[in-house]
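Please model the complete structure; the sequences and the hints are all you need to start from.
Spelled out from the first residue to the last, the chains are:
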Amino acid sequence: MAEEMSGAEMVIRALQDQGVEHIFGYPGGAVLPIYDAIFQQDKVQHILVRHEQGATHMAEGYARSTGKVGCVLVTSGPGATNAVTGLTDALLDSIPMVCISGQVATPLIGSDAFQECDTVGITRNCTKHNYLVKSVEDLPRILHEAFYIASSGRPGPVVIDVPKDVQFAIGDYYKPAAHTSHKSYRPQIEGDHKAIEEAVELMMRAKRPIFYTGGGVINSGPEASRNLRELAELTGFPVTSTLMGLGAFPASSSQWMGMLGMHGTYEANMAMHDCDLMINIGARFDDRITGRVDAFSPNSTKIHVDIDPSSINKNIVIDLPIIGDCNHVLEEMIRIWRTRTNTSREEELKPWWHQIEKWRAVDSLRYKGSDEVIKPQFAIERLAAAVKDKDVYITTEVGQHQMWAAQYFPFDLPNRWMTSGGLGTMGYGLPAAVGVQVAHKDALVIDIAGEASVQMTMQEFSTAVQYRLPIKVFILNNEYMGMVRQWQELLHGGRYSQSYSESLPDFVKMAEAYGGKGIRCEDPKELDAAIKEMIDYDGPVLFDCRVTKEENCFPMIPSGKAHNEMILPDTADVGNIIDDKGKVLV
Amino acid sequence: MNANILPTGSVYSLVADTSAVERHTLSVLVDNEPGILARIAGLFSARGFNIDSLTVSETEHEQGLSRITVVTKANLKVLVQIKRQLERLVPVHRVVDLTATGKSLERELALVKVAGEGDDRIEALRLADAFRAQVVDASTNSFVFEITGKPTKIEQFIALMMPLGLVEVVRTGLAAIARGPEPM
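For the protein sequence lines, the chains are C and X, in the order given. Residues in the first sequence are numbered from 2 upward in steps of one, following the working numbering. Residues in the second sequence are numbered from 45 upward in steps of one, following the working numbering.
Just so you know, these hints were derived from the structure itself, not from any lab.
A few chain X residues that don't get close to chain C, going by computed Cβ distances all over 10 Å:
| # | residue |
| --- | --- |
| 1 | His105 |
| 2 | Leu149 |
| 3 | Gln178 |
| 4 | Asp181 |
| 5 | Lys194 |
| 6 | Thr216 |
Dumping the calculated DSS-like pairs for lysine-lysine here, alpha-carbon to alpha-carbon at most 25 Å:
| # | chain 1 | residue 1 | chain 2 | residue 2 |
| --- | --- | --- | --- | --- |
| 7 | C | Lys195 | X | Lys127 |
| 8 | C | Lys303 | X | Lys121 |
| 9 | X | Lys127 | C | Lys184 |
| 10 | C | Lys315 | X | Lys127 |
| 11 | X | Lys117 | C | Lys315 |
| 12 | X | Lys121 | C | Lys582 |
| 13 | C | Lys315 | X | Lys121 |
| 14 | C | Lys303 | X | Lys127 |
Here chain C is said to cover these stretches of chain X; the calculated rule only asks that three of the stretch's residues, wherever they fall, bring their Cβ under 8 Å from a Cβ of chain C:
| # | stretch |
| --- | --- |
| 15 | 73–80 |
| 16 | 117–127 |
| 17 | 135–145 |
Every residue gets a Cβ at the ideal spot worked out from N, C-alpha and C, and that includes glycine.
Structure below.
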């Protein structure tokens, strides 16, 4: 049943009908009619950001912690271009997002009008799909279609560019159809039954198997994580995960190997290298994971479960591809496994677990403690211990602190870990924390940050203050862009070109200036009390945790090397490990 | 620890794929919407795929569908990626590798302008006749020929016109269709 209204009202009505409760945005000339429509209702709450990039990361944090679509509203020109980083980030990490941008009126398009940019042109390659709405008649269909495309299949960001005259135009609004379908876009949800059967048969014969899981399990919903746990328990196989997949499998399980890849654990990477059967569920053989591809797990049969057919055989040759939604495939695997056997394979897997125990004994995450200075690893361990029994969500920026968080903070639940994996966007964590806190009002939301990253989107602390969002920004302050400095140590003879964080602000005063609380800690003996003070404070906190300045993040697969060539905490002469070929890589 | 060091070979982003490069013609059925060509061309440039030729035209007006014919050069692994990446685009309905399916017809049209007098002019006309090229424009000292055929035939014709006063050439790019009664 159609209802007559303006294009701007349609935008807000469609958001309401799609179940959107929050939208992150910033007003401007080309979206004023939509802001007027927001003013006249109270179902969709608007969160006013300080910069459009912040809005996109908030939407990402919101989406990843809830499983819902994150929504963004920006104006034309700079509003849209400022959103590009977050859109690209959401594309690379498969985050469902709908971004509505204002555009100059259709007669002005192409005239270099004030605040005009070719938004669909600019965002074409950094979105899953985008639209320029040229007529109000198309608007309801496009709005609903955008939500379907953003959230189905492999999720991703969708941009809808709405010219100002279309926002004013009157047209018929239609509610979303009960069963959405699209004439050309049809993601495959159910995995091929024969292939899944074959996979289970391989799993029943495997002697050195490993589950390698990724963000796809998280995106597939909490049910997929439950099924992963069940399948792991049934099979008794070890489980490792990518950065994006942390939390899908509980870190407290004895089958958990820790994260794999460039800064993954020794046991996870060695097991990947030496396994005879690799079961990839919802991961994409990213270069942070594979290291040198020609030496990647040379003797294993590889099963790859992915909803996106283009992921298959992109980087690594697959023996058994299964296109489908992780949850569906996991369910089928469990069902078929149960029909085939009810005995444990514990005995056959014993030698493999014995080997894994030997690798674990290397204790690749060990570090030298200190009584004088706070070690960054120690800071994260103490933080994790302090929030153990709380309803906690963690976001991060990008760099050493991110890797330490992934290594030392244990996650037992999905959707609790928000980080920028594919794009590696410094400045992601603080706004993402704001987005998470908007969705989870009473939870404890902590951004584990670095002092360099956090300054890229620092202004969103003001958003947190405005909406009384008690986020905690836990800054591991080593006065360096730590990962850049580490690579300069490893690759460029320790010449720390431009990686020192000069002229740092006083983070305590800065927090106070914004109307939040600032805490500084430089003594390991005072750390626990300071962390407690942070948690107990009912409001946003900037925690300036002064840590060791030149700590390296290990273990590490140096660029251009294989899984079994890791640098461990006590490897000597790290400046001479990476060869000329490896130096070319990032 | 690092005892098992493998011989230094390729590293991940420097993998030199030595498998043979093949020329393939892909037929892509898409929604005829604004920006679709930029979407396809942008995908090829963003992912470093080759385009030898690309033609696009609306073919099924009622359904608003266009057919894009892309000729690309790649090894088999990359060809699969090209196909999958194209299929990932929302307005793409189908992608068919006409070269892989074997029996397809490929045609291209060219307009060839030749200027000359005397024997050259007569020779140009004679050759045009042999290639079944039509004269679509003529002046006292020039012709424009229209020639249709496989790209190899067109190239041959152009080569022959070269010494006879070839002025310029425009080509449509390749249109291709599978043989037999089935649609793509």
